[in-house]
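Protein sequences, first through last, are from chains A and B. For the first sequence, the numbering used here begins at 1 and goes up steadily by one. For the second sequence, the numbering used here begins at 1 and goes up steadily by one.
Worth flagging that the hints you see were computed from the coordinates, not collected in a lab. Each hint should be verified, as a subset may be incorrect.
The calculated BS3-like cross-link candidates involving lysine-lysine, where the alpha carbons are at most 30 Å apart (straight line), are [claimed, not checked]:
hint	chain 1	residue 1	chain 2	residue 2
1	A	Lys248	B	Lys113
2	B	Lys215	B	Lys26
3	B	Lys80	A	Lys157
4	B	Lys135	A	Lys2
5	B	Lys68	A	Lys157
6	B	Lys8	B	Lys68
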Amino acid sequence: MKILYSALIPVLIIVGWYFASFFSIINPLFLPSPDAVFIRLGEMLLSGEIIPDALATLGRMFVGFAISILVGLPIGLVMGYYRRVYYSLEFVVDFFRSIPATALFPLFLLFFGIGDEAKVAVVVFACSLIIIVNTMYGVRHSQEGRILAARTMRAGKMDMFMKVIFPGALPEIFTGLRIAASFSLVLVVVTEMFIGTSMGLGRIIIDAQLVYRIPEMYAAIVLAGVIGYLINLGVQQVERRVVHWAGK
Amino acid sequence: MPMIQIEKLSKVFLQEKEKKEKAPVKVLNNVSMNIEKGEFVTFFGPNGCGKSTFLHLISGLHQPTAGKIGVNNKTVEEAKVGFVFQDYSGSIFPWRTVSGNVEFGLEVQGVPKEKRRKMAREFMGKLNLTEHSNKYPYQLSGGLKQLTAIARALVYDPDIFVLDEPFSALDYQTTRRMWLELLRVWKDLEKTTLFVSHFVDEAVFLADRVVVFSKSPARIMGEVLVDLGRPRKLEMLQSRKFFALRNRVLKLFEEGLK
Ligand SMILES: Nc1ncnc2c1ncn2[C@@H]1O[C@H](COP(=O)(O)OP(=O)(O)OP(=O)(O)O)[C@@H](O)[C@H]1O
Ligand SMILES: [Mg+2]
Numbered sequence: 001m002k003i004l005y006s007a008l009i010p011v012l013i014i015v016g017w018y019f020a021s022f023f024s025i026i027n028p029l030f031l032p033s034p035d036a037v038f039i040r041l042g043e044m045l046l047s048g049e050i051i052p053d054a055l056a057t058l059g060r061m062f063v064g065f066a067i068s069i070l071v072g073l074p075i076g077l078v079m080g081y082y083r084r085v086y087y088s089l090e091f092v093v094d095f096f097r098s099i100p101a102t103a104l105f106p107l108f109l110l111f112f113g114i115g116d117e118a119k120v121a122v123v124v125f126a127c128s129l130i131i132i133v134n135t136m137y138g139v140r141h142s143q144e145g146r147i148l149a150a151r152t153m154r155a156g157k158m159d160m161f162m163k164v165i166f167p168g169a170l171p172e173i174f175t176g177l178r179i180a181a182s183f184s185l186v187l188v189v190v191t192e193m194f195i196g197t198s199m200g201l202g203r204i205i206i207d208a209q210l211v212y213r214i215p216e217m218y219a220a221i222v223l224a225g226v227i228g229y230l231i232n233l234g235v236q237q238v239e240r241r242v243v244h245w246a247g248k
Numbered sequence: 001m002p003m004i005q006i007e008k009l010s011k012v013f014l015q016e017k018e019k020k021e022k023a024p025v026k027v028l029n030n031v032s033m034n035i036e037k038g039e040f041v042t043f044f045g046p047n048g049c050g051k052s053t054f055l056h057l058i059s060g061l062h063q064p065t066a067g068k069i070g071v072n073n074k075t076v077e078e079a080k081v082g083f084v085f086q087d088y089s090g091s092i093f094p095w096r097t098v099s100g101n102v103e104f105g106l107e108v109q110g111v112p113k114e115k116r117r118k119m120a121r122e123f124m125g126k127l128n129l130t131e132h133s134n135k136y137p138y139q140l141s142g143g144l145k146q147l148t149a150i151a152r153a154l155v156y157d158p159d160i161f162v163l164d165e166p167f168s169a170l171d172y173q174t175t176r177r178m179w180l181e182l183l184r185v186w187k188d189l190e191k192t193t194l195f196v197s198h199f200v201d202e203a204v205f206l207a208d209r210v211v212v213f214s215k216s217p218a219r220i221m222g223e224v225l226v227d228l229g230r231p232r233k234l235e236m237l238q239s240r241k242f243f244a245l246r247n248r249v250l251k252l253f254e255e256g257l258k
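With the rest of the complex left out, here is chain A:
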């Protein structure tokens, strides 16, 4: 039943796509027929030619995401816990959060060159901010009642933080992780397209686009979409396990 509903809209989109290409509503130069795209994707997967690109993209994404957690989580926790740190950093965080990381490409190129470092740095810049903000609110939204209860049991500062405030913040931390995971993939693909690389789904997209191999371009886009979906699913599974108690 649930699967039926989940599949409904994707199926409709693909049917609509067929319909549009069959009746030539959209110029195939902009949107080729789905068979052309899926056949090309199948070829690229079977021959294995797209695998190194997909792995390169995934690798950058995971490194960027992991560093974002290492940077974002501690800063978010400290900002949420200490009012003074919050007031000192609030402006900077909200300011940089409003800037699209992709607009700062020149700056990243200047500091990190055109290699993987620049792409990872873009991911870390944007995703650690997402994690910081969610973690911070998770801490700030701590249930007053639980803190009071722990105080009546004479919990020390460290226990209060590790056993009351941090677990209480986990649901919001996971919201941040889920958003950051999806976003990190998008950013890697975009940086691969615009900073350039020899390997990566973004490279396939931009190369295919330049020489009008449009089905190939869409094949890489579809694959990026599928990978993004699976990553989100993965984070959700972990989330469901760790914070199974949230919102109940």
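Model the placement of chain B with the ligands on the given structure of chain A, informed by the hints.
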């Protein structure tokens, strides 16, 4: 020497007003009383008069503006308190099982793992929670959650046992069952117990002594000694004597509203 000695206790809060200046609000007004070891005292008074604040002061969660409290010849900060809150959903730890919740106090007080397991098991037994010990709070009814909170508050042998309207979110039938459970463990452990209620039947049924507060700022309007005999039985709720005691409490309450 009484277990709890309260002398001329007053509390003034500085409250944020709309125009950002802080206005002092007096919540407790010169409250003095003694509570004997093992006594069960209930507190009854109008909404917002300062009952919770009173319990928070006795538990060392807030500092009094004036006056003194001694618990078992110690300061309130040194005394061990078992506190049960009205809002069980917001005060027990949803990420811990029943036994994890019960162990919390022992854990932060540094009791080794094996020992606290054993003590938690003993108290879950006392409160008939054994079969639920591995469940999470979201798998429990409100009554069981509050029994978990009670076990959590009693397991580390506190000097005083404090409950702030613990049953007011439960239905009447469950509440009556909770009264009997609570009285059973109270008798078993002989804990000095302070219980705030907004329900006059509850205040009378449980208590050795009902203390009635006036409207805010709370002062003590008077006390009613409850000589109903123990163990208390639910039939007593319908007795003439109960009715008379209840009316005496209500009379003090009415006077306190003026
Ligand atoms: N931390 C605080 N800061 C400022 N004002 C407070 C604080 N805590 C309580 N008050 C105020 O003190 C007054 C008494 O509050 P308290 O919660 O002690 O009353 P209560 O008798 O327990 O009320 P209720 O019947 O709602 O449980 C209220 O006016 C409340 O707004
Ligand atoms: Mg209250």
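Hint check results:
Note on Lys248/A and Lys113/B: the hinted pairing holds, with a Cα-Cα distance of about 29 Å set against a maximum of 30 Å. With a CA separation close to 11 Å, the supplied pair Lys215/B and Lys26/B stays within the 30 Å bound. Among the hinted pairs, Lys80/B with Lys157/A is consistent with the structure: their alpha-carbon atoms are about 17 Å apart, no more than 30 Å. Straight-line distance between C-alpha atoms of Lys135/B and Lys2/A comes to about 28 Å, which keeps the hinted pair within the 30 Å bound.
Taking the CA atoms of Lys68/B and Lys157/A, the gap is about 26 Å. The hint holds against a cut of 30 Å. Distance check on the hinted pair: Lys8/B and Lys68/B sit about 7 Å apart at the alpha-carbon level, within 30 Å; holds.
Checked against the numbered hints above, the structure breaks none of them.
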